[in-house]
Amino acid sequence: MLAIAVLAPLAGALLVGLLRPFVTRGMAVGLSVASLIISALAAIVTDYRHLVLQVPDHLVVLGPWISVAQFTPHWTLRVDTLSLVMVGMVSVVSAIIHVYSVGYMAGDRTEPRFFAYISLFTFAMLMLVTANNLLQLFFGWEGVGLMSYLLIGYWYDRASANEAAIKAFIVNRVGDLFFAVGIALTYLQFHSVDYSVIFNGATQAVSARYHVFGADLPVLEVISILLFVGAMGKSAQLFLHTWLPDAMEGPTPISALIHAATMVTAGVFMTVRMSPLIAQAPVAMDVIAVIGGATAFFAATIGCVQNDIKRIIAYSTCSQLGYMFLAVGVGAAPAAIFHLVNHAFFKALLFLAAGSVIHALAEEQDIRRMGGLWRKLPVTYVTMWAGALALAAIPPFSGFYSKDAILAAAFADHSASAMFGWLLGTLAAGLTAFYIVRLLLMVFHGTPRGPREAIAHAHESPLVMLGPLIVLAVGALASGFLLAPSFIGGRFGAFWSSSIALPAHGAVMQALHLVPVWAERMPLLLAIAGIGVAYWLYELAPGLPARLARALPGLYAFLLNKWYFDELYDAVFVRPAWRLARFIWRVGDEEVIDGIPDGIARLTSDASGQAVKLQSGSIAVYGFVMLIGLTVLITLFLLVR
Amino acid sequence: MNFPLLSLMIWLPLVGAGLMFVTQGNEIVAARNARWIALWTSLIVMILAIVMLLGFNPAAHDFQFTETAHWIPQFHVAYRLGVDGISLFFVALSALLTPIAVLASWRETRRVRDYMAAFLLLETMTIGMFCSLDFLMFYMFFEGVLIPMYVIIGVWGGERRVYAAIKFFVYTLAGSLLMLLALVWMWHNAGTTNMIVLMHTPIPPHIQDWLFLAFLASFGVKAAVWPLHTWLPDAYGEAPLPGTIMLAAVLSKMGAYGFLRFSLPMLPQASAYFAPLMFVLGIMAVIYISFAALAQTDMKRMIAYSSVAHMGLIVVGIFTFTVEGIEGALFQMVSHGLVIAALFLCVGVLLARGHSLRLDQLGGLAARMPVYAAFLMLFVMANVGLPGTSGFVGEILVMIGAIQVNFWVALLTGTGMILSVAYMLVLTRRVLFDHARGIASALIDDISGREWAMLAPLAILVIVLGFIPNGLTFAFNNAVKDLVHAHMSALGQAHLAMAKP
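Chains as they are written, first to last, in my numbering: chain A, 1 to 641; chain B, 1 to 501.
Heads up, some of the hints might be wrong.
To be verified - Chain A side only, calculated, beta carbon under 8 Å to chain B, not exhaustive:
1. P56
2. H58
3. V61
4. L62
5. P64
6. E142
7. A159
8. A581
Unchecked claim - To list a few chain B residues with every Cβ distance to chain A over 12 Å, as calculated:
9. Q24
10. M46
11. I207
12. G363
13. L386
14. P469
It is worth saying that the hints were derived from the structure and are not from the lab. Glycine residues also receive a C-beta, built at the ideal position from the N, C-alpha and C atoms.
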């Protein structure tokens, strides 16, 4: 059953790709959507059987992959709670977004290509989450990266889309390099890349050392950090985050599926999957918590001043992923997955709703040219509020359950890195509520600021787009309290069984229900304050934000320019790389290395140029004579030696 | 004696080439005959190669399909042929790519008969070289490859063909002369040129060092190891496209094959001694050449540089002396042969449509040639080592071999993962995406039936090997394990000998 869930999208994509010349556009789209619906149904049935009816975990071996020496990864589907939760989330969200795309992409010239890409993406993502060894995970990892590249650059005649696509691939590859070295080091330590071998060996390997950076470091720390750098690239964490906002060049359903709900969470998933190993690496966990907390705060600050509707949500994604890493870092991996699932629903909802707005306004994305749209787009308006409240963590929406659990866990952990994460995460909770409510107010409330014509033409999206919004809105409302008891409640140990390992037997998970009330309620209070400030600034005193920006020009520019990361990287990496490239080619190769032999070559080439002209007869005969001559010469040389 | 399969594969193309000159008729008829003779001959050799692959027993440890005949018995030089897991796929690669090169030459109109004869001669030389088990024969085939290649570049090449051909010839010949010296010394030492005997004849360490350097000069030039690579962009750039394919896909492997066949088993101490140097050269190739590739403005040259950068990975893999690293290098060699040939074929598709290859004059082809775009994207991804393609298997195995040596070797070799993406994506963007520029804006056809016939088999192989690489690695296994084992025991003995004064 799981095999059907994983392979149906592949079959759909291949059929669309191969049969494209023979079927109509509608049939190709229908085929893709049908394959995803089959996948989602199969995933739901599998999840029901295993998670509710308690059918035991097992492996589905599809076949061998590589086998060299002890390096023998197989193509395998792993059935345990963690992979089932992910499969269910991925295939359901993907199916919903496939349906939405039927409406959103209608009229695009190469629609079947779009559907083939997202089906293939879904396949790669499912392979990633069901892997039973690091190498298959890496297969899915790179596969989703490729599809992300192709989909960001989907409108390939736009220069900005091309640049964003290349940037995404390269930044991801920086992380992937460390990930690949991490896999190699894992193999060196455990002589296998299979999860079971790694997890069983992790406790014995605690004392193993690896000599690198001039010191003997615990090998598990080194591996964990290498893997985490890979995760930072994929999940757009601080320092490797720059590609994600640019990735919004892709069609909006892609932003929802790949750059919010699924692919970018792969890094979080991977660190949770490797939790039996990472739990043995306390320093790596501190690093993860610090980076996660810092990203949550950093991205939220940028989100507060951006004006592109999709970029605001993109920074919000960065920030929310930071929360998930914070949870992993403080030893509350179940809370990370809980937030991951909730986030998938509400963030997909926010993006699809934004897509509905963009669609209605003929591709307008600047929130300064929107406003007062709620009468025109009532369904989008209501559903987007559901997503916004879930993101802002207002009860009873889903974000409240998971984000507050993460911050409570960070508070309960007491370590310095966890407190750092708690502090920044709590501040970010207030900022989150502020920027998302600011967005909603600017888009839907107040007076229309866009061109009169565009506003007049604005219209609610077709049913095929509104249906997915409503389904996701129900998810954003309900997934929190429905899933909380299993995911992080008292039964969490039984629910996750052996698929997640926690340091100190899950002490943090036990303690997160025992934090003091003020600490537990702090994020909610700040969120309400954030909403209040947003309401005051953008509804009651509309001139104030501009005055604030003028009063604090340095801070405003700093945030508006995203902490100048792009400029910094451009100056430090991109431009020097191009200069180095040209220098190496022009000076290194053509002058230095070629200089010496070229002097000799120039002499010979003159002489031989004449010789070549002399061969007016058959070249092949000439060549053959040379061959015979060589043979005769050597034979002679041997005989008269 | 068994059926002389290898001899047949070696000499049949030569017979085919001879046949072209026997047939009568005017120029047009002769050209047509030459094309069809070349195609059929190379296809028959390919079928023989498939027979060889099917008949190869991966469980056996010795050379297979061996043939021996007298040649110069008083000097213990003989006609000895055979293949093992290491050479097997290079024979197959040569046999697969020759018909593709012939097909790619189909539209050539200048002196077709000579041209086709040169490719068949090249096939004889390459297959002969990979099958030789006698050093002298190996040397003659190794040198013999130069002749048809030199002619192909010098006569049918681009504008600067003479310069490129001479550079190619002088570089490779200069290297090979040093190998000849090494050959003579080893022959003296062992009294025979039988390579199997040579592999088991110990050589004093200080002599090994000199021999190693002599081999490095020869194989290093052929494999275009940095900084001996500068002949390559010129030769690749100026050679006619089918010539470039053979150069990049088959000839560049001759050097790496030489390291595996000679340097490692015959000079174990020197190989270990010089391994750090080889890592540096390999890593330099990966980093330095990748940057040079990034600066290229011509599609063909960019792919040529990319080819050299990947050779760096292969060199690193070989000198890890681990089963994983060497099998990774071997796998990468086969994969690289397929992928780079396919990429150059993609260049040829544009050439055939009258395109400039300047990257600033291409663009927007994805809309006009979607099938072509799909093929090119697949091969680009295989070139950057995306999992699911053959390129990945070799890359990850080399990395796993490299980390057993040193963290930094693995990390720096791995930077190719990032750099290759950088220049290959610049290439795809300039060729496939953006707006159509220059001649690309004219209406042009997607790929033809003949081009399908060349690209589709390579595409299928690249994907199949990406998902089920075991077909190859099983065949490598015994040969590589024996090689690593012999290498380690030779080092162990040397260690013991040093310990006992």
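Let's test the interface hint: is any C-beta of chain B closer than 8 Å to that of A/P56? A/P56 check fails; min Cβ-Cβ to chain B is 29 Å, beyond 8 Å.
Minimum Cβ distance from B/Q24 to chain A greater than 12 Å, as the annotation requires: 15 Å, holds
Could you check if A/E142 really has its C-beta closer than 8 Å to a C-beta on chain B? Because about 5 Å separates A/E142 from the closest Cβ in chain B, which is inside the 8 Å limit, the hint holds.
If I take the minimum Cβ distance from B/L386 to any residue of chain A, is it greater than 12 Å? 5 Å, violated
Return the status of the interface hint for A/V61: holds when the least beta-carbon distance to chain B is below 8 Å, violated otherwise. 14 Å, violated
12 Å cut-off, C-beta based - B/I207 kept clear of every residue in chain A: 20 Å, holds
When the least beta-carbon distance from A/A159 to chain B is tested against 8 Å, hint result: 7 Å, holds
If you take the shortest Cβ to Cβ gap from A/P64 to chain B, is it below 8 Å? 6 Å, holds
Least C-beta distance from B/P469 to chain A larger than 12 Å: 6 Å, violated
B/M46 clear of chain A by more than 12 Å, beta carbon to beta carbon? B/M46 is indeed farther than 12 Å from all Cβ atoms of chain A, at 22 Å.
Tell me if the interface restraint on A/H58 is satisfied: Cβ within less than 8 Å of some Cβ in chain B. It is violated, given that the least Cβ distance between A/H58 and chain B is near 23 Å, above 8 Å.
Hinted contact A/A581 with chain B - closest CB pair below 8 Å: Holds - the Cβ of A/A581 comes within 8 Å of chain B, reaching about 4 Å at its closest.
Hints 1, 2, 3, 4, 12, 13, 14, counting from the list given before, are not met by this structure.
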